[in-house]
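Undergrad: Order-wise, the sequence lines are chains A and B.
Here the numbering used here is used: the first residue of the first sequence is 1, the next is one more, and so on.
Here the numbering used here is used: the first residue of the second sequence is 1, the next is one more, and so on.
For the record, the hints were derived by calculation from the structure and aren't laboratory data.
No residue lacks a Cβ here, since even glycine has one placed at the ideal position from N, Cα and C.
Please note that the accuracy of each hint is not assured.
Short, incomplete list of chain A residues facing chain B, as computed with Cβ under 10 angstroms [to be verified]:
| no. | residue |
| --- | --- |
| 1 | H30 |
| 2 | G32 |
| 3 | V35 |
| 4 | G49 |
| 5 | G50 |
| 6 | V54 |
| 7 | S57 |
| 8 | V58 |
| 9 | Q78 |
| 10 | D81 |
| 11 | P83 |
Every beta carbon over 10 angstroms from chain B, so not counted as near; a handful from chain A, in silico [claimed, not checked]:
| no. | residue |
| --- | --- |
| 12 | R3 |
| 13 | E38 |
| 14 | T44 |
| 15 | R48 |
| 16 | A61 |
| 17 | L107 |
| 18 | A118 |
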Amino acid sequence: MNRFFTEEHEWIEVNGDIATVGITDYAQEHLGDIVFVELPMPGTRVDRGGEAAVVESVKAASDVYAPVSGEVVGVNEQLEDEPSLVNESAETGGWFFQLRLSDTAELQGLMNEEAYQAYVAALG
Amino acid sequence: MSEADCDSMADEGGETATLPLDPLPLAGWHRAHGARMVPFAGYDMPIQYDGIMAEHHWTRSSASLFDVSHMGQLRVTGEGAGEALEAVLPGNIAGLGEGQVRYSLLLDDNGGVLDDLMVTRMADGYYLVVNGATKWDDIAHLIEHLPDEITLNHMTDHALLALQGPGAAGALAALLPGVEALFFMQAGAFAWQGHELWISRSGYTGEDGFEISVAADAVAQLADALLALDAVRPAGLGARDSLRLEAGLPLYGHDLDPLTDPISAGLGFAIPRARREQGAFIGHAALMERIASGPVRRRVGLLLDGRQPAREGATLLSGDREVGTVTSGGFSPTLERPIAMGYVTTDLAATGTLLEVEVRNKRLAAQVCALPFVPHRYHRKEG
Chain A
1 MNRFFTEEHE WIEVNGDIAT VGITDYAQEH LGDIVFVELP MPGTRVDRGG
51 EAAVVESVKA ASDVYAPVSG EVVGVNEQLE DEPSLVNESA ETGGWFFQLR
101 LSDTAELQGL MNEEAYQAYV AALG
Chain B
1 MSEADCDSMA DEGGETATLP LDPLPLAGWH RAHGARMVPF AGYDMPIQYD
51 GIMAEHHWTR SSASLFDVSH MGQLRVTGEG AGEALEAVLP GNIAGLGEGQ
101 VRYSLLLDDN GGVLDDLMVT RMADGYYLVV NGATKWDDIA HLIEHLPDEI
151 TLNHMTDHAL LALQGPGAAG ALAALLPGVE ALFFMQAGAF AWQGHELWIS
201 RSGYTGEDGF EISVAADAVA QLADALLALD AVRPAGLGAR DSLRLEAGLP
251 LYGHDLDPLT DPISAGLGFA IPRARREQGA FIGHAALMER IASGPVRRRV
301 GLLLDGRQPA REGATLLSGD REVGTVTSGG FSPTLERPIA MGYVTTDLAA
351 TGTLLEVEVR NKRLAAQVCA LPFVPHRYHR KEG
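Excised from the complex, chain B in its bound form (with noise of 0.2 angstroms):
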């Protein structure tokens, strides 16, 4: 498909008016499966095929094919390339081994959040996944902090894939043989009809899953032949969201941003103990302070009574006293009932307590809870 096509066909859609970036290589793939196409971090993307609820029960339950190619994919290569990316990540990077994955922070001086990412190691450098709304932030922050001998490569000829579910596994070694024997965090190169692919086990939905980079003159051929398995459906960035709300992660620009800090976050474990004592990363002394002090406020879950939802910026309260803001509100599919994430302040984030939520001019009760809301279902190693 070309690019032309794809302008016309969103112009047709109604509901984009001219779009700053090219459209991503699915674009029009995703409109001939009847998605209907939202603006989103720059893009067209699809935010829903049948229905959210749909998409969410099916993922659960079997495997959704999530289209993620707005997420921004960076190789850093070049001699030393993990030393030089631990003065910008507070995570163990040097030591990853070949096919690992981490979750990792990009932190200001002040140690607030600029993005949350992956970063694998692979044979010749490292492989980062950092979100497609701040991608351009990124590549500018680690293009100041980076010495001149480390080469960043914006991988713009990929796309990225996700495909999760219970069923993800079967439906993928059908195609790809040996895939199922990564585990949780794991990654390695795969090749598919003389298609280099790059596939780690991970996502961002709770269940079992993978996430395939490919070039994008390939994907919808590889899109064609997942969509094919019995298995697999199409689902868009509604369910994406609505998952990832269940399983208790955060989403960059609304639970996390520049004014959090990783630990008021519940993200003290992407900084490990060794990385805290040696420091030498951005945001490492003002880190330290607030793991001194310890935090004024934390994330946490939220269950609320009824069937009405809050949304982000709604206010936490208790009895009178305003103690913090919701971050992400929706309806949990899975548990049928309205689930939030949220900041309350130190004192009363734990489990149990009882708070209020103001929705429209309306207290709704709310219960801090433990995330995830519903337990992740990874391919761990250990178990």
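So that you can see chain A by itself, here it is in the shape it has in the complex (with noise of 0.2 angstroms):
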């Protein structure tokens, strides 16, 4: 298992050329209570730092943009109905959509956990 993160505050989680991509826990304390998760349509192509998703919590909107560029293959249909799992289980069941890398070479310049961590507590 591998899990990267990025300073977006988004995990990916690699299995072969497979990534499950989800926002941090820190990221849902920050955006607070999540109302709605708009997902990619499967089959469409990201490219790294492109938006891939939407999530609205009550007071705003933000991206989230794609931490590696690859084709979607899954989105987490859970969301759709139950969009407060993110703020439950931000880094397990709250996962928004998986990708197949077009290149894993771009997980080179990505955070490991203890990095992260790091850098989120320099971040106060």
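Can you join these two chains into the complex? Each is in its own frame, and there are hints to help.
TA: Given below as structure tokens:
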């Protein structure tokens, strides 16, 4: 199991060439009560840094950018009826979508869990 | 708590750089109670404690304590203060009885809204509460238009708390027996532990509740005493916004601005017939023209299908025609669906009209509905 993190507070779990993507616990905590998640259409190609999903809290909408490039091969349909799952289990059951990686080299620049925790701690 | 303490804590929070204004008296208190602070109206303000949803529901079921000390508290005194204010405000000000509170507006010459405010008749003058983000402009406007013999005092040494919810009266009466005798839009002076309080039964949530003006150096003590009551929990600006949206109350700078007149905004009630006939207030001529011609657009409530909220700025459509704009939008915790306020052309403002709202290149169904979304539960004298 390989789990990576981004400075935009996303986690990416890689199994072979399939990456599962979600937002971190830190991110859900800061967004507050999540009321809606817009997920990409399966089959869509997303580029690293491009808009992939939208999270709406009571107060505001936030974009979720694709941490790596690939083709969307699955989305967490449970979030449609139960967006609060992201608040309850952001880093497990509250995952957003799965990508088939187009370039595994893109994983190189990402943080591991330890580096991410240090990054978050420095944010205060 | 000293200002230096507040500053160092603000820096630790990481979300605020140097603020242009002195910290509000409860800034440290909010942090000590676990609030997340954000810059708002030039101050560091609590956006939430436990979460907007929980605070929202608690307000509708019990009582929440809000710090609204960023708002401008003004005293207008001097011989003829009521008449002088009527040259600036379109309401019946001079005729207010002592302790009566009214909603009013500051208008420009074109009848555009510069701010909305609450005005109360006191024994020796008037007490005004204006919006935080506009207070400096409001003060300049009032100084310009009030005669020299009228004194305007900006009460920067006072904080303002709001206690809101069906449990507010019981909670406040535990500290201040007799406060429960006030009705909605009435105010009076009270004393607590040697501190003078000015309390009005009013608020911005649609619930019964109170707004309490207190000396800045006593506000933490009062906030502690209120929070010690089982019914009371702290709430932030996030819940205040979702509550006022459900209550259909406009927010200045979003649902109201200088390009919006009170008639289009559905605030004609703030301009009574006698003042319309008599005139002699800023914006009167433009307003009468607007009343005669009828507003081109109107403020309406919108119920959206699905779960995705439409936010401020979203375009409203009827077929392919752009017919308006959302000015406030979010998710209603009470109704568990997205709601919004916006302006639409008058022909499409009737309750039940089906429109669409464009959100991120998608069109969502929206139905015009009557405001408020959630019924007001004020403690009115009549009821």
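Undergrad: A separate judgement is required for each hint: does it hold in the structure or not?
TA: Hints versus structure:
1. H30: holds, 8 angstroms
2. G32: holds, 5 angstroms
3. V35: For A/V35, the interface hint holds, since the closest Cβ of chain B sits about 4 angstroms away, which is under 10 angstroms.
4. G49: Where the cut-off is 10 angstroms and the nearest Cβ of chain B is about 18 angstroms from A/G49, the hint is violated.
5. G50: violated, 14 angstroms
6. V54: The hint holds - A/V54 has a Cβ within 10 angstroms of chain B, the shortest such distance being about 7 angstroms.
7. S57: holds, 8 angstroms
8. V58: holds, 5 angstroms
9. Q78: It is violated, given that the least Cβ distance between A/Q78 and chain B is near 13 angstroms, above 10 angstroms.
10. D81: This interface hint holds because 9 angstroms falls under the 10 angstroms limit.
11. P83: holds, 7 angstroms
12. R3: holds, 25 angstroms
13. E38: violated, 7 angstroms
14. T44: holds, 14 angstroms
15. R48: Holds: least Cβ distance 21 angstroms, greater than 10 angstroms.
16. A61: violated, 6 angstroms
17. L107: holds, 29 angstroms
18. A118: At roughly 15 angstroms from the nearest Cβ of chain B, A/A118 sits farther out than 10 angstroms, so the non-interface label holds.
Of the numbered hints listed earlier, those contradicted by the structure are 4, 5, 9, 13 and 16.
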